[in-house]
Amino acid sequence: MLNAGKAIKVSIYLSDGATRHGVPVYSAILDYLFYRGVAGATVTKGVAGFGADHHMHSANMVEISDRLPIKIEFIETREKVDAILGKLEELAGTGLIEMQETTVVKPAQVSKPKQLVPPAHLKIEGKAQMMRIYVSEEDRWKDKPLYEALVAAMRANDIAGVTVYRGILGYGAHRRMHKDKPLSTAHHGSVMLSAIDTEEKLRAFLPLVDQMVAEGLVVFSDVDIIKYAYRALEVEAQS
Amino acid sequence: MKEQFPARMLRIHFGENDRWHGKPLHEAILAKCMEFGIPEAIVFRGIEGYGSGTRIRHASHWPLAKDAPVQLSVIGTEEQIGKLIPCLDTMVEEGLVATSAVEVIRYSRDAGKAPE
Numbered sequence: 019m020l021n022a023g024k025a026i027k028v029s030i031y032l033s034d035g036a037t038r039h040g041v042p043v044y045s046a047i048l049d050y051l052f053y054r055g056v057a058g059a060t061v062t063k064g065v066a067g068f069g070a071d072h073h074m075h076s077a078n079m080v081e082i083s084d085r086l087p088i089k090i091e092f093i094e095t096r097e098k099v100d101a102i103l104g105k106l107e108e109l110a111g112t113g114l115i116e117m118q119e120t121t122v123v124k125p126a127q128v129s130k131p132k133q134l135v136p137p138a139h140l141k142i143e144g145k146a147q148m149m150r151i152y153v154s155e156e157d158r159w160k161d162k163p164l165y166e167a168l169v170a171a172m173r174a175n176d177i178a179g180v181t182v183y184r185g186i187l188g189y190g191a192h193r194r195m196h197k198d199k200p201l202s203t204a205h206h207g208s209v210m211l212s213a214i215d216t217e218e219k220l221r222a223f224l225p226l227v228d229q230m231v232a233e234g235l236v237v238f239s240d241v242d243i244i245k246y247a248y249r250a251l252e253v254e255a256q257s
Numbered sequence: 070m071k072e073q074f075p076a077r078m079l080r081i082h083f084g085e086n087d088r089w090h091g092k093p094l095h096e097a098i099l100a101k102c103m104e105f106g107i108p109e110a111i112v113f114r115g116i117e118g119y120g121s122g123t124r125i126r127h128a129s130h131w132p133l134a135k136d137a138p139v140q141l142s143v144i145g146t147e148e149q150i151g152k153l154i155p156c157l158d159t160m161v162e163e164g165l166v167a168t169s170a171v172e173v174i175r176y177s178r179d180a181g182k183a184p185e
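Read top to bottom, the protein sequences are chains A and B.
Using this note's numbering, the first residue of the first sequence is number 19, and each one after it goes up by one.
Using this note's numbering, the first residue of the second sequence is number 70, and each one after it goes up by one.
It should be emphasised that the hints constitute simulated quantities derived from the structure, not laboratory data.
Predicted model only: the values in this text are computed from it and were never measured.
Keep in mind that a hint or two might mislead.
Keeping only pairs whose Cα atoms sit at most 25 Å apart, straight-line, the calculated DMTMM-like set for lysine to aspartate or glutamate is [as the list claims (entries may be wrong)]:
id: 1; chain 1: A; residue 1: K98; chain 2: A; residue 2: D71
id: 2; chain 1: B; residue 1: K71; chain 2: B; residue 2: E147
id: 3; chain 1: B; residue 1: K71; chain 2: B; residue 2: E162
id: 4; chain 1: A; residue 1: K145; chain 2: A; residue 2: E107
id: 5; chain 1: A; residue 1: K219; chain 2: B; residue 2: E172
id: 6; chain 1: B; residue 1: K101; chain 2: B; residue 2: E72
id: 7; chain 1: A; residue 1: K219; chain 2: A; residue 2: E233
id: 8; chain 1: B; residue 1: K71; chain 2: A; residue 2: E217
id: 9; chain 1: A; residue 1: K89; chain 2: A; residue 2: E108
id: 10; chain 1: B; residue 1: K92; chain 2: B; residue 2: E162
id: 11; chain 1: B; residue 1: K101; chain 2: A; residue 2: E155
id: 12; chain 1: A; residue 1: K219; chain 2: B; residue 2: E72
id: 13; chain 1: A; residue 1: K105; chain 2: A; residue 2: E119
id: 14; chain 1: B; residue 1: K71; chain 2: A; residue 2: D157
id: 15; chain 1: A; residue 1: K98; chain 2: A; residue 2: E116
id: 16; chain 1: A; residue 1: K145; chain 2: B; residue 2: E163
id: 17; chain 1: B; residue 1: K71; chain 2: A; residue 2: E166
id: 18; chain 1: B; residue 1: K71; chain 2: A; residue 2: D71
id: 19; chain 1: A; residue 1: K145; chain 2: A; residue 2: D242
id: 20; chain 1: B; residue 1: K92; chain 2: B; residue 2: E172
id: 21; chain 1: B; residue 1: K71; chain 2: A; residue 2: E119
id: 22; chain 1: B; residue 1: K71; chain 2: A; residue 2: D240
id: 23; chain 1: B; residue 1: K101; chain 2: A; residue 2: E233
id: 24; chain 1: B; residue 1: K71; chain 2: A; residue 2: E108
id: 25; chain 1: B; residue 1: K152; chain 2: A; residue 2: D240
id: 26; chain 1: A; residue 1: K160; chain 2: B; residue 2: E147
id: 27; chain 1: B; residue 1: K71; chain 2: A; residue 2: E116
id: 28; chain 1: A; residue 1: K162; chain 2: A; residue 2: D176
id: 29; chain 1: B; residue 1: K71; chain 2: A; residue 2: D49
id: 30; chain 1: B; residue 1: K71; chain 2: A; residue 2: E155
id: 31; chain 1: A; residue 1: K124; chain 2: A; residue 2: E155
Could you put the whole structure together from the sequences, leaning on the hints where they help?
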């Protein structure tokens, strides 16, 4: 585990086509680093470059180039780097290895193992509000359908969840009957968005609804929520 | 224009095959809602469900072969919903009606015009 402070950053430059015992060299090096417990390593593929042989390698649509430059980068403590450098030199073959002093500002955190067996009866219960918004499917907001814009806006405002329902028949503020015709792909009907969250959050979102909905109906009702928090648990364990 | 008022929401669950005087039941109820001046009514088709009679209803991929569960959702004033319920008693043979108190915000474009 890497801690904040002084460390060494090692970069290895290779060619994509180089192989060792039938596997690409970068993959052999990555495996070596992995099993030696290096804190982390990243392999990036260049789009163009040249090396010691001064051949230009580039990604070309016409001739599929398999000799693109590859860079492997990892950061470790000096002791660890010293311990594995000998083997790395051997593995890198004709490639170039460079290292530099660096400072780890914030070490990466190991994600805690997920709880594999969630408690069977964990539920969250409480009071909440349901907000239903009735609009027409043709209604648009800026460049997209209004219902899509509303969902995106709710998502951006951390509303717990929203579902859009398409009506097969209905009428609304303009008192025009909307009917879904079978066997037609074009749909011009009423849609309903149903969102559930705390009263404060929904009320805080309401000014946006005011702006976006020119014609429609918003319905609030009190609901009791019972939430089975399986996924919430996994997220909590990761952070 | 924005208006805010307390209202009642009524939801009716039945089957898409249900008919009333030869017309699909949901169309008939919707026409009644319009008659009573109810501002909003919408019919949803479920993909699967069951109701009284415990017969499972499936929505078919073939759009003309219908036996999907449908839900009709109506929002109106206490008075309008009060008028609608006796009609439903005669129209809905097999189904479920649920009502709840709600608060409504209504946006409308034609600010000057009174509702028809």
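Now for the hints, and whether the structure bears them out:
Using a Cα cut-off of 25 Å, the hinted pair K98 of chain A and D71 of chain A is violated, with the two alpha carbons roughly 31 Å apart. Between K71 of chain B and E147 of chain B, the direct Cα distance comes to roughly 20 Å. Compliance with the 25 Å bound is thereby established for this hinted pair. A distance of roughly 38 Å separates the Cα atoms of K71 of chain B and E162 of chain B; the hinted pair therefore is violated under the 25 Å criterion. Proximity of K145 of chain A to E107 of chain A is assessed by CA-CA distance (about 64 Å); at most 25 Å being required, the pair is judged violated.
Of the pairs offered as hints, the one joining K219 of chain A and E172 of chain B holds, with about 16 Å between alpha carbons and a cut-off of 25 Å not exceeded. A threshold of 25 Å between alpha carbons decides the hint, and for K101 of chain B with E72 of chain B the separation of about 24 Å falls inside it, so the pair holds. For the proposed pair K219 of chain A and E233 of chain A, the alpha carbon gap of about 22 Å is at most 25 Å, so the pair holds. A threshold of 25 Å between alpha carbons decides the hint, and for K71 of chain B with E217 of chain A the separation of about 20 Å falls inside it, so the pair holds.
About 16 Å separates the Cα atoms of K89 of chain A and E108 of chain A, which keeps this hinted pair within 25 Å; it holds. In summary, the hint linking K92 of chain B to E162 of chain B is supported, as the alpha carbons are separated by about 14 Å, within the 25 Å threshold. Among the hinted pairs, K101 of chain B with E155 of chain A is consistent with the structure: their alpha-carbon atoms are about 23 Å apart, no more than 25 Å. Only pairs whose Cα atoms come within 25 Å are accepted, and K219 of chain A paired with E72 of chain B is accepted, the gap being roughly 21 Å.
Restraint check for K105 of chain A and E119 of chain A: the C-alpha separation of about 20 Å stays at or below 25 Å, so the hint holds. As the CA atoms of K71 of chain B and D157 of chain A are separated by approximately 17 Å, the hinted pair is consistent with the 25 Å bound. Restraint check for K98 of chain A and E116 of chain A: the C-alpha separation of about 15 Å stays at or below 25 Å, so the hint holds. At most 25 Å may separate the alpha-carbon atoms for a hinted pair to count; K145 of chain A and E163 of chain B exceed this at roughly 32 Å.
At roughly 22 Å between alpha-carbon atoms, K71 of chain B and E166 of chain A fall within 25 Å of each other, so this suggested pair holds. The hinted pair formed by K71 of chain B and D71 of chain A fails the criterion: a straight-line CA distance of about 74 Å is larger than 25 Å. Pair hint K145 of chain A plus D242 of chain A holds up; C-alpha atoms about 5 Å apart against a cutoff of 25 Å. Between K92 of chain B and E172 of chain B, the direct Cα distance comes to roughly 32 Å. Violation of the 25 Å bound is thereby established for this hinted pair.
Straight-line distance between C-alpha atoms of K71 of chain B and E119 of chain A comes to about 64 Å, which puts the hinted pair past the 25 Å bound. Between the alpha carbons of K71 of chain B and D240 of chain A the distance comes to roughly 21 Å, so the proposed pair stays at or under 25 Å and holds. Restraint check for K101 of chain B and E233 of chain A: satisfied, since their Cα atoms lie roughly 23 Å apart, inside the 25 Å limit. Restraint check: the Cα-Cα separation between K71 of chain B and E108 of chain A comes to about 75 Å, which exceeds 25 Å; the hinted pair is violated.
The suggested pairing of K152 of chain B with D240 of chain A holds, with an alpha-carbon distance near 24 Å, which does not exceed 25 Å. Distance check on the hinted pair: K160 of chain A and E147 of chain B sit about 36 Å apart at the alpha-carbon level, beyond 25 Å; violated. This hinted pair does not check out: K71 of chain B and E116 of chain A have alpha carbons roughly 67 Å apart, beyond 25 Å. This hinted pair checks out: K162 of chain A and D176 of chain A have alpha carbons roughly 20 Å apart, not beyond 25 Å.
The hinted pair formed by K71 of chain B and D49 of chain A fails the criterion: a straight-line CA distance of about 64 Å is larger than 25 Å. Between K71 of chain B and E155 of chain A, the direct Cα distance comes to roughly 20 Å. Compliance with the 25 Å bound is thereby established for this hinted pair. For the hint linking K124 of chain A to E155 of chain A, the alpha-carbon distance of about 48 Å lies beyond 25 Å, and the restraint is violated.
Of the numbered hints stated above, those contradicted by the structure are hints 1, 3, 4, 16, 18, 20, 21, 24, 26, 27, 29 and 31, listed in ascending order.
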